[in-house]
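Numbering (our numbering), first residue to last: 5 to 206.
If you are wondering where the hints come from, they were derived from the structure by calculation, not from laboratory data.
A few of these clues could be false.
25 Å max Cα-Cα, derived DSS-like pairs, lysine-lysine [claimed, not checked]:
{"no.": "1", "residue 1": "Lys164", "residue 2": "Lys200"}
{"no.": "2", "residue 1": "Lys164", "residue 2": "Lys206"}
{"no.": "3", "residue 1": "Lys200", "residue 2": "Lys184"}
{"no.": "4", "residue 1": "Lys36", "residue 2": "Lys108"}
{"no.": "5", "residue 1": "Lys184", "residue 2": "Lys151"}
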Amino acid sequence: VAATDGPMPQTREHILLGRQVGIPRIVVFMNKVDMVDDAELLELVEMEIRDLLSFYEYDGDNGPVVQGSALGGLNNDPNWVPKIIELMEAVDAWIEEPVRDNEKPFLMPVEDVFTITGRGTVATGRIETGVANTGDPVEIIGMGADKLTSTITGVEMFRKILDRGEAGDNVGLLLRGIDKADIRRGMVICKPGSVKPHAKLK
5 VAATDGPMPQ TREHILLGRQ VGIPRIVVFM NKVDMVDDAE LLELVEMEIR DLLSFYEYDG
65 DNGPVVQGSA LGGLNNDPNW VPKIIELMEA VDAWIEEPVR DNEKPFLMPV EDVFTITGRG
125 TVATGRIETG VANTGDPVEI IGMGADKLTS TITGVEMFRK ILDRGEAGDN VGLLLRGIDK
185 ADIRRGMVIC KPGSVKPHAK LK
């Protein structure tokens with residue numbers, strides 16, 4: 005939130021969106037503090053931010069609101085670099101680690117599919133449950149298509165090749181023997197036998 009403007013309509017929209025998608029906690033960075041000389045104005049902007057957080061059922065009284073200057077931090081200004089560090093410390097302290105559901109069978113909805121020349125088809129998505137290891141057999145189910153079977157030949161996350169991905173990770177899975185045309189967004193990749201597809205619902 006810019007200290008020069010205070011909470012804007014998009015601030016309200018972002019907080020509402022956070023509430024709607026189930027984000028449990030928010031850390032606020034009040035930016036451009038170096039452009040405001042009036043301490044009372046800064047206090048008023050922080051109060052407005054806290055009221056807005058409380059309105060959307062966040063902890064407006066206790067949630068961190070860090071005042072600083074992003075540009076000052078970027079330019080290594082000694083007055084503002086510590087505020088960026090304070091922001092990251094607030095994120096580490098206030099935002100809880102999500103619980104990873106690694107005990108259930110592997111399940112990943114497909115978000116995108118592409119081909120790597122010479123390597124094969126890659127399906128990307130966020131692992132919902134379980135663990136995906138290189139070498140694991142998988143089934144690809146959904147969209148009315150026949151059930152496909154494959155083997156994970158590679159797990160990639162943030163352009164790094166890994167041996168495994170676990171619940172909560174956004175990964176790309178390299179799949180053996182699968183053509184790009186066989187798989188699309190909305191299908192799921194799962195541990196064999198763990199998901200039963202249904203064509204009709206009552």
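Distance restraint between Lys164 and Lys200, which requires alpha-carbon spacing of 25 Å or less = 32 Å, violated
Proposed proximity, Lys184 with Lys200 (alpha carbon, max 25 Å) = 23 Å, holds
Lys184 paired with Lys151 [C-alpha distance capped at 25 Å] | 15 Å, holds
Are the Cα positions of Lys164 and Lys206 separated by 25 Å at most?
-> The given pair, whose Cα atoms are some 44 Å apart, is violated under the 25 Å limit.
Going straight from one Cα to the other, do Lys36 and Lys108 come out at no more than 25 Å?
-> 46 Å, violated
When the structure is compared with the earlier hints, violations turn up for hints 1, 2, 4 and for no others.
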